[in-house]
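Student: Sequence:
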Amino acid sequence: MLRRLLDSINSLAEPGKPLHKLQPLINANDTFLYEAAINTKRAPHIRDAVDVKRWMVLVVFALIPCILMAIWNSGLLKYVYSSGDYGLMDEYLAAGASFNDYLGFAMKNDRYLTILKEGLFIFLPLALISYAVGGFWEVLFAITRRHEISEGFLVTGILFVLILPPTIPYWMAAVGVSAGVVLGKEVFGGSGMNIVNPALACRAFLFFTFPGKMSGDVWVGTNPTTVRESLIKMNQDAKTTALDGYSQATKLAVFNVPQDIKRIHIDAIASNTIGKQVSTIQTIQPHFEKWNTLNHQNATLGQLTQDQLKSFVTSPASEGGLGLSSGYYEDAYRFSALNYGIGHNQDWSFIFGDKLGCLGETSVIACLIGALFLVWTGVGSWRTMLGMLLGAFVTAFLFQMGSNFLFADQGAWTAAQFGFPAYKHLLLGGLAFGLVFMATDPVSSPSLPLAKWIYGVFCGVITLVIRVINPAYPEGVMLAILMGNVFAPLFDYYAVKHFRKRSLNRVRVTT
1 MLRRLLDSIN
11 SLAEPGKPLH
21 KLQPLINAND
31 TFLYEAAINT
41 KRAPHIRDAV
51 DVKRWMVLVV
61 FALIPCILMA
71 IWNSGLLKYV
81 YSSGDYGLMD
91 EYLAAGASFN
101 DYLGFAMKND
111 RYLTILKEGL
121 FIFLPLALIS
131 YAVGGFWEVL
141 FAITRRHEIS
151 EGFLVTGILF
161 VLILPPTIPY
171 WMAAVGVSAG
181 VVLGKEVFGG
191 SGMNIVNPAL
201 ACRAFLFFTF
211 PGKMSGDVWV
221 GTNPTTVRES
231 LIKMNQDAKT
241 TALDGYSQAT
251 KLAVFNVPQD
261 IKRIHIDAIA
271 SNTIGKQVST
281 IQTIQPHFEK
291 WNTLNHQNAT
301 LGQLTQDQLK
311 SFVTSPASEG
321 GLGLSSGYYE
331 DAYRFSALNY
341 GIGHNQDWSF
351 IFGDKLGCLG
361 ETSVIACLIG
371 ALFLVWTGVG
381 SWRTMLGMLL
391 GAFVTAFLFQ
401 MGSNFLFADQ
411 GAWTAAQFGF
421 PAYKHLLLGG
431 LAFGLVFMAT
441 DPVSSPSLPL
451 AKWIYGVFCG
461 VITLVIRVIN
471 PAYPEGVMLA
481 ILMGNVFAPL
491 FDYYAVKHFR
501 KRSLNRVRVT
511 T
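Our numbering applies: residue 1 is where the sequence shown begins, and numbers increase by one.
For the record, the hints were derived by calculation from the structure and aren't laboratory data. Values in this document were obtained by computation on a predicted structure and should not be read as measured data. Be aware that a few hints might be false.
[What the hints assert, rightly or not] Cβ-Cβ distance ranges computed for the label pairs, FRET-style:
#, residue 1, residue 2, range
1, 407, 327, 20 to 26 angstroms
2, 124, 245, 42 to 48 angstroms
3, 501, 60, 39 to 45 angstroms
[What the hints assert, rightly or not] Below, simulated DSS-like cross-link-like pairs (lysine-lysine); rule was C-alpha separation at most 27 angstroms, straight line:
#, residue 1, residue 2
4, 424, 276
5, 290, 239
6, 239, 117
Glycine is no exception: its CB is placed at the ideal position from the N, C-alpha and C atoms.
Start from the sequences and build out the full structure, keeping to the hints where you can.
Tutor: Next up, the structure:
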């Protein structure tokens, strides 16, 4: 019966019929419910019965873990940060010690129901706006060009939502998806013709047009003012200091410290918690002994009061101190906790997704599940994923090892970011999400196997260079992949050139 109904509607879209101008929309509805009317029948053109729409749906399936984590984590953070209850905040932070404690916190008094409700209220409106507005432009261009409606926006629409902060105004989300679809894809001819990833084009437009809404205190809830007032109330009620106060800074914001903060500064701060396990302890010890003597202190390294610790780190070198400007001490204190996994900075929480960030980027394990599904189905290129992973890790490792062995005192006086553990870079920001779902876009990435390796490594290297060296922008994933998209044809060109040269050499050898 459904087939007969669709056939009758299709007949009204034939040339000269009343609904002819809406033929792309009617065809899209038909192929959404059934397979395309025209299929290839003979080799070499047909491999299986999966059309492009079903191919795109596989990517949406791979995104389901990230979508679920986006709903859960955004709801949890809003529930805690908007409560104005510092007792609830302390309970949440204490629960970060282990996964069992985290689950216990979420399940206590049926909190998970409120968390899911809050998360749905954040995620669903943005998803509806993205699909409605982006779909409008897809249909409009399809009708104007008399083409079939592209299936590509099935993926672009949901990817765009997952790379947004939860507080983005609805009208701004609509403007972003409009700009990305029109300027990033349709002006080049539509799906399959775009030179950059359309979802990243949407985000780049918003990032450079409305930077205040895409960075800063925008990572919790739906109303930044409400969350800000809630945090102020918590800090006042709990009588916190600047060092232990509650904030909504992301881990990458904590990482992005001035290069005046050196490795010895964060090691000295961390030694008060983890003792002499810090790597520059041999350099710290002589300074501490001199400071202890000149200031008539009877202190023990690793057992200092907060005032003593700050005095030691910020006192001039002539007094035995480490010479850090007192204005940077708070930044160094937080960076130290991130570097050594102190407090709410456990690796498991980064892997699971218990951190602030864009909706879909927080959970590394969700991205890994999606990656395995994409590789298993053949939709995503494992070469691109692995290449970007290796490029990022090796670059971070070179920064870390270079700061250890190329400078005096085991790199004690190099910038703190250079010595940051290489593996932790893979757990922060949008690197995992970007290498799985953004870099692997089949249209804007290279086609040849060798070119995919080069492209992936290029994106990984640029991501880490921007993240570690650039003082203004701590996250380099978006810009790195967009740069990789621009260079993708060049990578393919040289891959073809290399293949032809190798083939020619083989022919010469055999002849």
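Student: Of all the hints given earlier, name the ones this structure violates by number, lowest first.
Tutor: 2, 5, 6
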